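Just so you know, the protein sequences line up as chains S and B, in that order. Oh and the first sequence: position 471 is 471 in the UniProt record's numbering, straight run, nothing missing. Oh and the second sequence: position 495 is 495 in the UniProt record's numbering, straight run, nothing missing.
The hints are simulated quantities; they were obtained by calculation from the structure and are not laboratory data. Heads up, a few of these hints could be off.
To be verified - Cβ pair distances, simulated, as ranges:
hint	chain 1	residue 1	chain 2	residue 2	range
1	B	229	S	107	34 to 44 Å
2	S	264	B	507	17 to 27 Å
3	B	507	S	136	49 to 59 Å
4	S	395	B	38	27 to 37 Å
5	B	69	S	515	44 to 54 Å
6	B	394	S	390	18 to 28 Å
7	B	504	S	35	53 to 63 Å
8	S	363	B	144	37 to 47 Å
Said to hold, decoys possible - Pulled from the structure, derived: some chain B residues nowhere near chain S, Cβ distances all over 12 Å:
hint	residue
9	140
10	438
11	459
12	504
13	519
Claimed, not checked - Computed, partial: chain S to chain B, Cβ under 8 Å:
hint	residue
14	125
15	358
16	362
17	363
18	365
Source: prediction; values computed, not measured. Beta carbons: idealized from backbone N, C-alpha and C, even for Gly.
Protein chains: 2
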Amino acid sequence: MTTGHTATDLTGRMLIAGTPVFGEGEKIRAVDPGTGAELEPAYGHGGQAEVERACAAAESAFEIYRATTFEQRAVFLETIADNIEAIGDALSARAHAESGLPLARTTGERGRTTGQLRLFAQVVREGSFTGARIDPALPDRAPAPRADIRQRKIPLGPVAVFGASNFPLAFSVAGGDTASALAAGCPVVVKAHDAHPGTCELVARAISDAVTSCGLPAGTFSLLYGSGPGLGTALVTDPRIQAVGFTGSRGAGLALTAAAHSRPQPIPVYAEMSSINPVFLLPGALHARAAELGGEFVGSLTMGSGQFCTNPGLVVAIDGPELTAFLDSAADAVSASAPTPMLTPGIARSYAAGVEALAAKGEVTVLARGQESDAPQSCRAALLVTDASAFLDGEGLDEEVFGSSSLVIRCRDADELRQVAAGLEGQLTATVHATAEDTGEAGALLPTLERKAGRILFNGWPTGVEVGHAMVHGGPFPSTSDSRTTSVGTLAIDRFVRPVAYQDVPAELLPGVLADCNPENIWRRVDGELGKH
Amino acid sequence: MTTGHTATDLTGRMLIAGTPVFGEGEKIRAVDPGTGAELEPAYGHGGQAEVERACAAAESAFEIYRATTFEQRAVFLETIADNIEAIGDALSARAHAESGLPLARTTGERGRTTGQLRLFAQVVREGSFTGARIDPALPDRAPAPRADIRQRKIPLGPVAVFGASNFPLAFSVAGGDTASALAAGCPVVVKAHDAHPGTCELVARAISDAVTSCGLPAGTFSLLYGSGPGLGTALVTDPRIQAVGFTGSRGAGLALTAAAHSRPQPIPVYAEMSSINPVFLLPGALHARAAELGGEFVGSLTMGSGQFCTNPGLVVAIDGPELTAFLDSAADAVSASAPTPMLTPGIARSYAAGVEALAAKGEVTVLARGQESDAPQSCRAALLVTDASAFLDGEGLDEEVFGSSSLVIRCRDADELRQVAAGLEGQLTATVHATAEDTGEAGALLPTLERKAGRILFNGWPTGVEVGHAMVHGGPFPSTSDSRTTSVGTLAIDRFVRPVAYQDVPAELLPGVLADCNPENIWRRVDGELGKH
């Protein structure tokens, strides 16, 4: 190992272009959510100097890194995956200790993380992300000849990544943002998440070791630590950073977006922020299986203490005895639900305050709460109910409460249900439970849901985001800051590239993906026709 | 005609969802740049009420318009093109009268405009812009089955378009922004350009008539008039508008971008703003044909009074006798150049002030000016020269002067030439003149130019933007507000769509592009593999 330690010795250091660096000032220390105990080691903060050092290294690495072949870049991503696996069980154990998420979950998440890296290796080898297009010259065209014009997409430049608290592996140091940015050809500077600093260090070393063993420039990757907005703002406003990937709260996402837009050269920010993920229970589905739906719903609601971006925070249905059966079943399940630890003391406090604020609204009734606990930061599930009229009055009943809290909206009729759908803010997901007899109503709802959400799912639950080619984990504002993309799945690579046209550029200077003989054997659009030509 | 007039009778009215509407307040009147004479008719302003009316109509048209088949939408675009041609010579004559651009140019621009609409019709029929992807279900996958997940891109919603002064047809009411937004499935509300209100009215009627004859909802298209920022800001901040296309000045583009970002729901703005389009003359090229290059350069510089976004406003070369030969030739051509009218009195004033400010800088020498004129708003070409050291001092020598003005940067050596390239802001184009002996130097320059420009061209001149599949008319800030796209060429359609994933959506509710049998016969990515499957 380049760091001179065994894989699981934590050093409390940042990793700037391959060099371990101790930070200054107040120390960041993970807290075991199960016990409230502080975990060793402590991590010092990086400041302006460390941001500049990491960004300068990323900038100087960029031209070399982006010039790597598809094969080199794919092998690099696969090596990162191999190195993460090589850490062994110590990684999922540390992620478990820092997050309070079950060990089975952090182990599964490790597989998702390495699978994601390997999927992006395939995407790089396949080459379509370069968007190659060739319009050959037409020297005899009248009234004027056409020049030879070719197009490919190139990486934007160094990317800043801010990981999420709730996925210490799959949405963190080597998560989807980092994997897609590296795949695109962009060096990455990650701000470690305060809640899982040790997990960050382990994964960062896996990446940094891959940088070394693949012979890439050291600045291809850096990891910085820093509490509060200072380091993050410094990173986003560094002139060398050309795009930002972020997963977290609406407040933090909007602050970073504002900072990025106020730069002398504004840059794109892909912030995945808040979503309440409405679930519509249509009459046929309720008629067929109200009680089962109630149980399944609470399973999705309470999984991982409800700490999913796609947690079902809103349920919408037409009032009646079948909705009552659903509510009875769900209330029983919530009442029986055991308290589970939340990621951080701050998240637990916000959750408790959020439920309290919702319950204090005049028109909202608390139907059930999960079991109480003396544990320091546990999540006590909450099921609340209100009428559509109160929801539509716009008294803030649509604000995300991050955790196992969900609000059921009772509608008078199908028309009111559609009004609730139309009044929603942008969402990551929208779910419909429907049987064949609901097809008409579901079809009427679908165009509205398409405009509100990045993913529409039927007869399932929104938690669980498949990493594939067709996934969209994104959606209209405020679920993300940029609805034109996704932060999960292979399309995520599009966030970090931009098109460049080459007009009459001599053959010996053309990039390989645009050469006449198609040496990379990739799909290209020639005079508008797709083919491997 | 729905307006009850012959095609070329101008009425002075806006066109809101098919209904002609007189505006209020101070009148907008075109001025013939050749004579300074005001042209009939006068156009009243729209205000908040007209913005709301047009946006409400666009919103209510959206669901119906976006549900049209590819064929219906393609025929609509082709009908607009047919209707524009049916106006006959009166259209290019009016555009000529309002812009002062030569009649041959406005006639050619009409062909470019209709060609562009027909090209987008092809793009719609071909269907790849929907980005269809299918990851079939894997019910037997361990440890968990995979759901059926499909993805397509849907249109964003109503789009606001702000046309350019310098292309009264191809970048205006039925220009590239409108064509690509309509192709994507977005209704369009255009703010007419004050400088060519009559041309706007004629083209708007051609579109509106196509809306009617194609049986589309009237709100699919509206045209509003309004001077100053008021109407534009009202349009961009209307909650129904979901994206903005703009071509114009940096100041106006940044103001609209700020307004769009400060909305409760921020929206994307595609503003094409300012660029000085550097031209690098490498030693081999200068050695081979310095004098010819000087003549060609001035041809590009003075065409259309230099009023092109891609006008060559900066020339960079290594000092020496061959650069002197280039300068002598260019100075002769500039001195001989006849004064030509500029688009508006304001543009002519800004041009004169811009040249004066540049000439007043200590290190800048005026090499040649075009011939003087008594005409009210004519452009007198300007050729200026300075040293790289002065340019690199950052005294604002890189600001765009819109018109036939260009600054030549004399460099000591190749190293200084590369420093000038590296110090540039984002550009629409970067041009290299090189022979075989310059290949090494050109190759060293290329990575820098890729990061600075949307289009790189060799041994040509940047004016003249081909409309095709491979064109990029875009580039890093400040040449545009969003470098990830283009405003010319078929990729422009990507600006107005966003991906949506459909998980386990019943077959009868899936959009046609995602149906199992591929009824549209389009390219789709199934489990990551491209094919017509």
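These are the hints, each one checked on the structure:
1. 229/B - 107/S: 34 to 44 Å: violated, 57 Å
2. 264/S - 507/B: 17 to 27 Å: violated, 51 Å
3. 507/B - 136/S: 49 to 59 Å: violated, 41 Å
4. 395/S - 38/B: 27 to 37 Å: violated, 55 Å
5. 69/B - 515/S: 44 to 54 Å: The hint (44 to 54 Å, Cβ to Cβ) is violated, given that residue 69/B and residue 515/S are roughly 38 Å apart.
6. 394/B - 390/S: 18 to 28 Å: violated, 58 Å
7. 504/B - 35/S: 53 to 63 Å: Roughly 40 Å apart at Cβ, these two residues miss the hinted range, so it is violated.
8. 363/S - 144/B: 37 to 47 Å: Holds: the Cβ-Cβ distance is about 39 Å, inside 37 to 47 Å.
9. 140: holds, 15 Å
10. 438: About 10 Å separates residue 438/B from the closest Cβ of chain S, which leaves it inside 12 Å; violated.
11. 459: Incorrect as stated: the minimum Cβ-Cβ distance to chain S is 6 Å, not above 12 Å.
12. 504: violated, 5 Å
13. 519: Fine: 17 Å to the nearest Cβ keeps residue 519/B off the interface.
14. 125: violated, 11 Å
15. 358: violated, 22 Å
16. 362: Hint on residue 362/S: violated, closest Cβ of chain B at ~25 Å, above 8 Å.
17. 363: The hint is violated - residue 363/S has no Cβ within 8 Å of chain B, the shortest such distance being about 24 Å.
18. 365: violated, 29 Å
Of the hints listed earlier, those the structure fails to meet are numbers 1, 2, 3, 4, 5, 6, 7, 10, 11, 12, 14, 15, 16, 17 and 18, in rising order.
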